[in-house]
Amino acid sequence: MQGLIQQVLNALQLGSVYALIALGYTMVYGIITLINFAHGDIFMVSTYVAFFVGTAVISRALHLPGIVVFILTMLATMFATALLAVLIERFAYKPLRQAPRVSAVITALGVGLFLENFTLATIGPDPRFLPKFFPVVTFTWSGVAFSNIQIIIIAVSAVVMLLLDTIVRRTMVGMAMRAVSWDKFTAPLMGVPVDRIISITFALGASIAAIGGMLFGMVYTIDPYMGIRIGWWAFISAVVGGIGNIRGAMLGGFILGFVEIFTPVILPASTYRDFVAFSLLLVLLVFRPYGILGRPVAQKV
Amino acid sequence: MNALRAFWNRVRLFYESWPPLLRRLFVPALLVLFFILALVLPQAGVLNLYQQQVLIYVGINIILAASLNLVNGYMGEFSVGHAGFMAVGAYVASILTVWAFPRWGLGEYIPYLFPVALLLGGAAAGLTGLVVAFPSFRTRGDYLAIVTLAWNMIVKSVLENIDAIGGPRGFMGMQKLTTVAWVYVWVVVTIYLLRNLVYSNYGRGILSIREDEIASSLVSVDTRKVKITTFVVASFFAGIAGGLFAHIIQFINPRSFSILKSTDVLVMVYLGGIGSLGGSILGATVYTVLLELLRPLQVWRWVVGPLLLVLLMIFRPRGIMGMREWRFLVPREERSQAIASIKEHIRRKREAAAPVPVGGSSD
Amino acid sequence: MPLLRIRGLTHFFGGLRAVHDFNLDQEPGELIGIIGPNGAGKTTVFNLITGVYRPTEGEIFFNGHNLVGKRPDQIVSLGIARTFQTIRLFKNLSVLDNVRIAHFARTRYEVPAAMFRMPNYLREEAEVRERALELLDLMGLADQAEWVASSLPYGLQRRLEIARALACEPRLLLLDEPAAGMNPGEIAELMELIRWIRQQFDLTIILIEHQMRVVMGICERIKVLDFGETIAEGTPAEIQSNPRVIEAYLGEEAI
Ligand SMILES: Nc1ncnc2c1ncn2[C@@H]1O[C@H](COP(=O)(O)OP(=O)(O)OP(=O)(O)O)[C@@H](O)[C@H]1O
Ligand SMILES: [Mg+2]
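Chains as they are written, first to last, in the working numbering: chain A, 26 to 326; chain B, 70 to 432; chain C, 11 to 265.
These stretches of chain B come out as covered by chain A in the derived footprint (C-beta under 8 Å, 3 or more residues):
id: 1; region: 203-212
id: 2; region: 220-234
id: 3; region: 380-388
Only some residues are given here: those of chain A computed to face chain B with a beta carbon under 7 Å:
id: 4; residue: Leu138
id: 5; residue: Leu145
id: 6; residue: Thr296
id: 7; residue: Phe303
Taking lysine-lysine and the PhoX-like style, the derived pairs with C-alpha atoms no more than 25 Å apart in a straight line are:
id: 8; chain 1: B; residue 1: Lys294; chain 2: C; residue 2: Lys101
id: 9; chain 1: C; residue 1: Lys80; chain 2: B; residue 2: Lys294
id: 10; chain 1: A; residue 1: Lys209; chain 2: A; residue 2: Lys119
Please keep in mind that the hints were generated in silico from the structure rather than gathered at the bench.
Computed from a predicted structure; not experimentally measured.
Beta carbons: idealized from backbone N, C-alpha and C, even for Gly.
This is chain A alone, in the form it adopts within the complex (with noise of 0.2 Å):
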């Protein structure tokens, strides 16, 4: 029973991760359907800005608090990682608005390879860790262990995601993002910024990626070829919830955490765990193409 409650925890931490990621890609699909195959390389990219930015003030700034190097690298990497994500929709992405569709996401494809080798050949192949922010203080409550790292991660993901709910559900900004998801050629009559709106979301989307990375580097190595499999599952987790759905990319994150976790707990061996996720969403695909909370759309003849 123990043992479950700790794997459960672990699924949330894990899932929570996920789901910030797996955002980007929603927010990205629903307001250009673009699958933003580089979303997974932002999210490396992220956390390579988090450690040079946060050994740096730690190694300037020894005096200040934890918290407060934490925020302040957070906030540096959130704005580093937005502007990589809006100048690559606005040199790469943005000319190919009128051309067709596999343009674009085979450019995503490129921009997102590109990223990796780059990263490969500027910083190298050695897997990397954090500075330690806080120090990891483990408590035990009957029976179950769990360390500040893992509520810091579980309670920042779950304000980031109600925050974003918010966003996109009660502000104008949310409004217009929806407006332009719905309809880009109406959106603009009605004095929707597009462009702007849709800077706006590759900005909001790659933040939270960035949340994801730094809390994702406080856990886990980090090295340039991560992206691929941490984007790839967030990528799932999306489809799973159905993309261009948030709510839908907050599930699916949740249920690949599980799946991931739970994998060798039933099956002989973690290496099983791409084959689960891949055949899920594969089945899935087949049977319900549009997600679990996604809509279908209709065709028009």
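Got chain A sorted already, so can you dock chains B and C with the ligands onto it with the hints?
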């Protein structure tokens, strides 16, 4: 650029001044000549091992690009899992030459049985093409792309989990059976068969799905049959390419067939141009040779491919040859001259019969 | 026995009832017009007949075959071809290929025969090539046979769509607003063309059209739809004097 075009036009005029029989024999003669060269040059030591290897990779990549072009270029779907089919072909062919043939007492005939191993590998890959074909009945576009991607990942994951064939460590023991001559033959066969398919009713069915799937089914195209055909044929040739690949590097592991490999093939297809076999030949050649030339750049050369892809999509999304075809790849009976003579024949028949009231007769 | 027999055809898009209780008996050779204001459900009727949508309710019998549940390509093979309200040619393919694609269902050779250029493949392809060019010649499109479809002028694109439908060798031809976007001269030519193909190919035709001139000029019988309901049916003269029709549809349009 203009000088090049002018030069090309002169070559063409010269060629067209030849007597018809000579022209008809020209391409086959050239193909035979190349075959002899492919056979002789490596033997005679004119091509060193490295050069042979590059040529072999060019050939394998042509097969991969041309077959993927069938799906992505001609049918207009977006498959990102071609390496998955390649993997099936590679493993099946390798298992046959390394385990099965020796066990069946055919050890000494392996070099002769190599084509059989390749064909069986191709057949196995073609069969798995159905895994993607069936979902394509219901989903397309982005969702089908995700299906192909999932397929690629599943193949890789399955291979990693089968210990008998080496799991993540990979599979080895293959003889170096892939030679320049073999690859050349397979390239010619692949391009020939694909070309014939493309210029048939089925090929037009494939194209019509790209253009407008609903209109296509409303002019009697059985889109399911066409999709099955396309995916099975494309994955068959990917399997062949996989078999050839396994028997040149003599060591395969699941990572050789990751999504990165699929992306490489995508680059070749879109670089050369969609809907053009000539384009795929060109794209595969240029890309493979380019990567070889960039070898001194080490890690940085992996930055070039993706960058090239992005720039290509932005500035020349149709690739070098987008939807145009080399003349010699167009069947003779489909060329303008042949069409014109049929039209002439019809015109004469019509003039012999009654005049037509409507439809602004064309004379 | 009617060639086409539709009973109680009803279709919902979610909560929207696009077609309600549509009935039709069409004798071979008859030319029936369907008119109605925008959104009346006319195109939906075509989509139901050709299997694009599966009707919520109702029966469609063509030449003794039940069409409900059949795929579009099967329905075309039974002898129903159509054109589209907004032109849906295969834009990047040649005019000739556009027409040849319509021979798909009648292909007798199999894929391997094509790939290996077997004699039966060569023979049949030669046949298809000639038949398609002959049709293009009849339709006055032979000179443009090797053009890319999208490079044709608008009027010829409409004509090519009809040619492509004819290449399916239908008994029943469904024309969805063929005169849309044409000038009066082109419309006159189109009417002449419809009359002529009807004779030449021995066709039964259903015509959806907003241009009253066309419908009143060539149809024997007209059905009027409004909000999915059939509000009137009869000869052109009867329709023109029907008060419900005038109220729903013709009211604004001076005839
Ligand atoms: N795929 C679809 N999904 C949802 N609603 C649809 C769909 N197709 C048509 N409709 C709706 O069904 C109704 C009938 O549409 P239909 O296209 O049949 O009209 P129509 O009579 O052909 O009109 P028009 O003269 O404008 O072509 C309209 O209200 C339309 O909006
Ligand atoms: Mg309509």
